[in-house]
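Each chain is listed here by its residues.
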Amino acid sequence: MELLKIQHIEKYYGNKSSLTKAIDDLSFSVEKGEFVAIMGASGSGKTTLLNCISTIDRVTAGHIYLEDTDITELKGRQLGQFRREKLGFIFQDFNLLDTLTAYENIALALSIQKKPAAQIDQSVKTVAEQLGITEVLKKYPYQMSGGQKQRVASARAIVTEPKLVLADEPTGALDSKSAKMLLERFRYLNTEQNATIMMVTHDSFTASYASRVIFIKDGKIFSEISRGDASRKQFFDKIIDVVTLLGGDVNDAL
Amino acid sequence: MLCKLSFSNIRRSLRDYAIYFFTLMIGVAVFYVFNAISDQAAMTRVDADTREIVRMLGIAISSTSVFVAGVLGLLIVYASRFLMKRRNSEFALYLMLGMTKGKISAILLLETFLIGIGSLAAGLLLGVGLSQVMSALVVSLFEADMSAYHFMVSGGAILKTIIYFAVMYIVVMLLNSVVVSRFKLIDLMQSGKKSEQIKLKNPWVCVIVFVLAAVMLGIAYYMVGWRFTHLSGRKFTLCIAAGLVSTFLIFWSVSGMLLRVIMSMKKVYFKGLNSFTFRQISSKVNTMVFSMTVICIMLFVTICALSAAFSLRNSMNRNLRENCPADFELSEQLDEPYEELDVLAEAQAIGFDVTKYSDDCVHFSVYGDENFTFEGFCGSRFDKLKESFTMINGDISEQVIGIDDYNALMKVFGKDTLEIEDGEYILVCNFKAVQQIRDEVLKDGTQITVFGTSLSPRYNECQIGAIDLAVQPTNIGLFIVPQSVVDGQTPMADFVIGNFSATDEAGKKAADEEIRSLYAEKTREGLGAFSVHAVGGYFGFTTKQEVSSSAIGLGAMATFLGLYIGLVFLIACGAILALKELSESVDSIGRYEMIRKIGADESEISRSLFSQTGIFFLLPLVLACIHSVFGMKFSVYFLEVLGTDRIASSVAATSVILLLIYGGYFLVTYLCSKNIIKSRK
Numbered sequence: 001m002e003l004l005k006i007q008h009i010e011k012y013y014g015n016k017s018s019l020t021k022a023i024d025d026l027s028f029s030v031e032k033g034e035f036v037a038i039m040g041a042s043g044s045g046k047t048t049l050l051n052c053i054s055t056i057d058r059v060t061a062g063h064i065y066l067e068d069t070d071i072t073e074l075k076g077r078q079l080g081q082f083r084r085e086k087l088g089f090i091f092q093d094f095n096l097l098d099t100l101t102a103y104e105n106i107a108l109a110l111s112i113q114k115k116p117a118a119q120i121d122q123s124v125k126t127v128a129e130q131l132g133i134t135e136v137l138k139k140y141p142y143q144m145s146g147g148q149k150q151r152v153a154s155a156r157a158i159v160t161e162p163k164l165v166l167a168d169e170p171t172g173a174l175d176s177k178s179a180k181m182l183l184e185r186f187r188y189l190n191t192e193q194n195a196t197i198m199m200v201t202h203d204s205f206t207a208s209y210a211s212r213v214i215f216i217k218d219g220k221i222f223s224e225i226s227r228g229d230a231s232r233k234q235f236f237d238k239i240i241d242v243v244t245l246l247g248g249d250v251n252d253a254l
Numbered sequence: 001m002l003c004k005l006s007f008s009n010i011r012r013s014l015r016d017y018a019i020y021f022f023t024l025m026i027g028v029a030v031f032y033v034f035n036a037i038s039d040q041a042a043m044t045r046v047d048a049d050t051r052e053i054v055r056m057l058g059i060a061i062s063s064t065s066v067f068v069a070g071v072l073g074l075l076i077v078y079a080s081r082f083l084m085k086r087r088n089s090e091f092a093l094y095l096m097l098g099m100t101k102g103k104i105s106a107i108l109l110l111e112t113f114l115i116g117i118g119s120l121a122a123g124l125l126l127g128v129g130l131s132q133v134m135s136a137l138v139v140s141l142f143e144a145d146m147s148a149y150h151f152m153v154s155g156g157a158i159l160k161t162i163i164y165f166a167v168m169y170i171v172v173m174l175l176n177s178v179v180v181s182r183f184k185l186i187d188l189m190q191s192g193k194k195s196e197q198i199k200l201k202n203p204w205v206c207v208i209v210f211v212l213a214a215v216m217l218g219i220a221y222y223m224v225g226w227r228f229t230h231l232s233g234r235k236f237t238l239c240i241a242a243g244l245v246s247t248f249l250i251f252w253s254v255s256g257m258l259l260r261v262i263m264s265m266k267k268v269y270f271k272g273l274n275s276f277t278f279r280q281i282s283s284k285v286n287t288m289v290f291s292m293t294v295i296c297i298m299l300f301v302t303i304c305a306l307s308a309a310f311s312l313r314n315s316m317n318r319n320l321r322e323n324c325p326a327d328f329e330l331s332e333q334l335d336e337p338y339e340e341l342d343v344l345a346e347a348q349a350i351g352f353d354v355t356k357y358s359d360d361c362v363h364f365s366v367y368g369d370e371n372f373t374f375e376g377f378c379g380s381r382f383d384k385l386k387e388s389f390t391m392i393n394g395d396i397s398e399q400v401i402g403i404d405d406y407n408a409l410m411k412v413f414g415k416d417t418l419e420i421e422d423g424e425y426i427l428v429c430n431f432k433a434v435q436q437i438r439d440e441v442l443k444d445g446t447q448i449t450v451f452g453t454s455l456s457p458r459y460n461e462c463q464i465g466a467i468d469l470a471v472q473p474t475n476i477g478l479f480i481v482p483q484s485v486v487d488g489q490t491p492m493a494d495f496v497i498g499n500f501s502a503t504d505e506a507g508k509k510a511a512d513e514e515i516r517s518l519y520a521e522k523t524r525e526g527l528g529a530f531s532v533h534a535v536g537g538y539f540g541f542t543t544k545q546e547v548s549s550s551a552i553g554l555g556a557m558a559t560f561l562g563l564y565i566g567l568v569f570l571i572a573c574g575a576i577l578a579l580k581e582l583s584e585s586v587d588s589i590g591r592y593e594m595i596r597k598i599g600a601d602e603s604e605i606s607r608s609l610f611s612q613t614g615i616f617f618l619l620p621l622v623l624a625c626i627h628s629v630f631g632m633k634f635s636v637y638f639l640e641v642l643g644t645d646r647i648a649s650s651v652a653a654t655s656v657i658l659l660l661i662y663g664g665y666f667l668v669t670y671l672c673s674k675n676i677i678k679s680r681k
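Protein chains in written order, with this note's numbering: chain A, 1 to 254; chain B, 1 to 681.
This is chain B alone, in the form it adopts within the complex (with noise of 0.2 Å):
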């Protein structure tokens, strides 16, 4: 007898449950195309080091899987308590007619069990069947052999899903039981008779409270987007804070005012159904201030990540070529001067001759003087670089480096030369932050004294550039110097730089294949004669193949988990708007039935819901955007440090992905919508 009602009672709202369930269905597919990336990726034919990746992209996943359970979870719960809510009178029925409050947990757990029974195999299907296509996708971004991959399902995923969703269930049936116990039977049978009262909000402490909110918006835009070298840790949490609640005052006084700007132009107010429609939109939007706030944080997170993960994996490729202008790099670094520093030597020692595979190559060194520091080269400015860069350490030695073997590593590097004079200097950097306060310092004449030489600068702005192979430009100050002042100086680090002998691609990554495998074979058992220097430092051999792996594995990283969070609110933010507005629809089933007898064309009823739905979802989309546009120039002033520019097509993927979701409920909600208040004869 349960059992039958259950299921028919499934059955009866399956226009309500329909998009609860879709919803379910998505995010159970979604949670398992992510963690099977994976597995999908160590299928594919992949190298030794993009394999590391993809296992740091796994635990990646799984982390912050647990956080977008916690997401799906408060969206179930969320959907299941309103979907409840809407059931009071027949739960008053159930009640009157004798049935036990267990009794009707029992229905509930056995509907909750049957419509998460079904989501899950739905959403697993529908996964499997997305993941084959997700793997296009992997394949690309790890650059690895299309062909060798074939259809392919992920167990582990499948089991891991299956646990997660298991327990968001269970939640929401124990959820549902307390509900179902604290009923009131007078409650439940007078909850529909109950009138909404249409509260008109004083538009006056609107138009104060909406004024006090953009200002206050305007504010935090204003420190995010333009002052925000001058933002510490504490600030932009403030920033952040004055974002959220004037958010929310934007709704709150919005819903307030719209009607009233609208009623006030009496010629679109009368005109066909408007006052109908706006008299709608605003209540929708006067219950649902906080909702909408939520949505709109959650749509401004999205946009920002997505963007943020394109931009970051589509720079990644073209900092290579711009920061990688070598095939390897053996360095030795210290924080001390050391007198026998030779990495060279060292590693011909231990059997690692790098020498062996390359006759373009360069050893250099590198030289740092104690009384000379970060902190002593900005003076006063280096205070405001302290509030951006907390972590900033003015104690440090700057690096210089003689300009003969700065021009014979350019040599290597295939890049331009420079040339300086007895008495001068030149800086080079390409840190963007750091080299804004560079070119300042730089711009007064400051002289330096280095290793007892006083010294002028040549140019009054930094040269771009810097000496190691890394993914992002990251080189914060280089000093590059007359040779005679570092000539039989103690050096810091230790250099050589060169390309391999071999000309073609294949050449290359045979070399660069063998000498890693050599290195990793004679470091085997420690670093050997490297760890004599026991002051502490930094030792390493790095490849541009290797460079590169980790740049690619970098950029599917920030992509798939960009991917993952904005798809997970995406949805979560669809279904929310979608299940109040069909709810709101089977509502106003009589109101529409009544302007219908009044006369009402079909198709001016059909444009009146849809400017009900489309603003409803336009609107936390509007102020989403709007705080995507400042939180964006404010990332990507922090991008800059991976080198991102060219935002536009991170912005027009971001926009694809938006309208394809959101827009997605859109229609489906107002096409559903439409169904609901079809007149029925």
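The shape of chain A in the complex, shown without the other chains (with noise of 0.2 Å):
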């Protein structure tokens, strides 16, 4: 079943005289349960394209539906309810609050929904169980590790058993081992509770964990692979022939 249906975008930045065009007629869909990647190099207009799907953007022409909603065409307290309810959000940066608590980041994505405090309370224990980040609820962000935290932002996009969970780059600030790890809790996640999930990386490690890679160059679909039975190395070896053949400038990631 289609779940995000994304249908000859383009988003234009900049006046007549220096047009940029960030997404140019850009085409796709994921299915329920995916987990995608979008790779591209700096610049190509992948966090263009998830700002758009995330509504936090809106593009200058197309339309994006998330089952039968066209979220191009929502408005103001929409927007809110839609981004509330239906996406979870994952950061490079974890954009955690710094003045609550992991327990309290992770129910403040419930409370804004004006769950009940005693729902709020079983949700988040179980997203900590499944994240194994039970023993940090009680910390503050600047007493966690950079993995920690982005397990906790992870655990906050997830809670609230959204449609669709978007990352930006979730594996951008963390060491090798955190990320790692933070891959395999998102292959758990999609794997055995079914979340969808959409991806944008530069580092072709991150995407070998996802089930379909998009690349992009310059606002364009490039190339697209599915993993198919595989396995994730050599899903690995292909994400690299890839970029290779993409451009030298993807392969600093790797």
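What the hints contain is simulated information worked out from the structure, not anything from laboratory work.
What you are looking at is a predicted structure, and each value in this text was computed from that prediction instead of being measured.
Wrong hints could be hidden among the right ones.
[As the list claims (entries may be wrong)] Taking lysine-lysine pairs in the DSS-like style, the calculated list, with each CA pair at most 25 Å apart, reads:
hint: 1; chain 1: B; residue 1: Lys-443; chain 2: B; residue 2: Lys-384
hint: 2; chain 1: A; residue 1: Lys-75; chain 2: A; residue 2: Lys-5
hint: 3; chain 1: B; residue 1: Lys-674; chain 2: A; residue 2: Lys-75
hint: 4; chain 1: A; residue 1: Lys-114; chain 2: B; residue 2: Lys-674
hint: 5; chain 1: A; residue 1: Lys-163; chain 2: A; residue 2: Lys-115
hint: 6; chain 1: B; residue 1: Lys-85; chain 2: B; residue 2: Lys-103
hint: 7; chain 1: A; residue 1: Lys-125; chain 2: B; residue 2: Lys-271
hint: 8; chain 1: B; residue 1: Lys-4; chain 2: B; residue 2: Lys-160
hint: 9; chain 1: B; residue 1: Lys-597; chain 2: A; residue 2: Lys-163
hint: 10; chain 1: A; residue 1: Lys-114; chain 2: B; residue 2: Lys-678
hint: 11; chain 1: B; residue 1: Lys-271; chain 2: A; residue 2: Lys-163
From these two lone chains plus the hints, build me the complex, please.
This is the structure in structure tokens:
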């Protein structure tokens, strides 16, 4: 079943004299329960794409459908409602509130949805267990490691059981061990909890955890590969091949 | 180049500087407005008495201005240091690029200079405008003629304002240079990165400290509010110190406890943005315990000063009717009895004959028995009185008057006469604090002996009244005895009190002017015949007109000084809170951005911001109000000397001013914060 459908979207920046096409006629779709990675070099438009899907930015042309809602048509209050009920966000720099404990950070996503306190407690504990952060729930962000922070941020993103989890360079600020641990959790969420995840990255290793990788270059889809039955290692090699083809500039992320 | 940097810096940090600039401007304006008052009042058509009062007012405002300048100076130093801290990374960049510290100092110097010039000019303009409004108040307070008033600018006040503020700015510049010279590049660069550690205070310690502070405050309140008659100067200072310390402790403990309490209420805490809101508030209060204390105390002083000033002014006019029932009084009061004391004859001897102006006047003497003293009458209760009035002298003879003289005077006053039997006395008093003690003594049925005659009290409480013309009820006691007791005794004081022959207002006024100029003329070369009594004492002539002018003046003076200090304190409080809150908002932009991303509605974010700002502003105000209730209870007692009641209208007036200025700062802060955290797309 198609969860996200992107139809001919375009995003222009600047004015007539100097026009930048960040996204240039892009179309693809994401199935329910998929784990999709978007890869591309800096400036390829991947973050812009994510911003458009997350309604943080508006497209210049085209449509984006989540289930049956055209999210490019949403306005004002609907935007907030859409974001808090349908989407979960994970950012490169965690974006946790430094004044709140891990528990409260996760709970905030639910309390904004006006969930009753008893249910909040239940949900937070469950999701903390899934992500292995039960012991840091009482800690503040400054008392946690980067990996822990990112898992807390992930917990906050999925605790509301969103239709789609959007992750923007989730491993960008993590060391390789923490990155691996986080990605294992993502895979767990994807396979066991059936979460649909869309992740933007320029790191081939990170992308190799996905079930499908979409490559973007200059705002257009350059290529697309699916993992199928291949092992993660084999999929990683395939990704490297495409990256090489794409041009040297992504290689440095290896 | 430096110039350009300074200009663009100011323009860029206008968001931070706006409230600073605004505060400076109001500071300058208030400073000008009050210093211009005496010039303004002098312009209006007022009589000689009022002119004298205006001169006094000018002196009072001048000296208060020094204090006010101190407060404003501290505020400016605080604010500029605060704003500088926010720019550490900018200074780090300059240093990295190879700019010398001298150059940075120069930039800051230029910035302060520009802001100073700008705020001075804007403030003076505003001040000149506001002082025209103020003139309405001046006219009504001095009961002068409005039609004679026209637009005016006080050059003296402008000059004074410029000098005072120039000095303040120069001090700030010097301090800034010192700070810059102590910069270390590494500290500047890391200053932004230091993540604030959130330490939750131990809740039990907080509870214990809170209870302790509350008890301490309670005791201080009790002492000041109910046991003030037993309060010596030292104890009173102790109470104030206790109040200050417990205020600090209460803010300290509340900042820790409030959050704990709310956190334990899961239903409230995990509702909407509440968890975020309360965390924000608690971290703000946590870092501002000391400032909050200072602000709370300043608000307390403001509330008390304003209410006291207003009630003083209100009571003045009412008192006049009560305490000035006759048109004039000629008196001579000595420290020792004097055989030939006759004030009327002495006055007539130098050509000052008051009887010419009056058909309705009495001439009477007041006596004193050196064996019958204040302390002697009060007995053991005198010590109690001494505790609250340390200045009191127990050796003075009690004033004694014959019943016939007293009743004759009451007829002139148009008041009820009293009756007395042989062997009885009546005590007349209207100074409340002393009256209470006197009443207690009378209840015991205390016998007195005056000039060898034994007398017992006719009433078991004091009768309210006085014999001389006064602004306030200040009669601490007058004994009325049968006329035969004082007949043939040596008087200590001699009075002529009466009403002018004229019955209409204009006639009285003309008579008043005439008699006073005559008095001034006759006494120009010393007091003439009066000076023969070298025994020490007091000779005087006063009229209702004179007394009322001084009453109006006193009321006006209180109002102006109260307003002056109150306004300055209010701006200072508002500015500190606003600066802190705004910078907090700048620091929190990222947090709001994040909350927005996870789908909070704008309206919810606004509500959160509103409660944050609101509680931040309200916390010190609430405690200050509680302080004021008890502080006022105390001051009302002392203001009773001046006959203060109907405090409600004064409190209402105070509330309006508080609401306007403090509320204004709150609103501006809220709106600016909202603008700061607005999403930038």
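Comparing the hints with the structure gives:
no.	hint	result
1	B/Lys-443 with B/Lys-384	17 Å, holds
2	A/Lys-75 with A/Lys-5	19 Å, holds
3	B/Lys-674 with A/Lys-75	21 Å, holds
4	A/Lys-114 with B/Lys-674	23 Å, holds
5	A/Lys-163 with A/Lys-115	17 Å, holds
6	B/Lys-85 with B/Lys-103	18 Å, holds
7	A/Lys-125 with B/Lys-271	18 Å, holds
8	B/Lys-4 with B/Lys-160	31 Å, violated
9	B/Lys-597 with A/Lys-163	16 Å, holds
10	A/Lys-114 with B/Lys-678	23 Å, holds
11	B/Lys-271 with A/Lys-163	23 Å, holds
Checked against the numbered hints above, the structure violates only hint 8.
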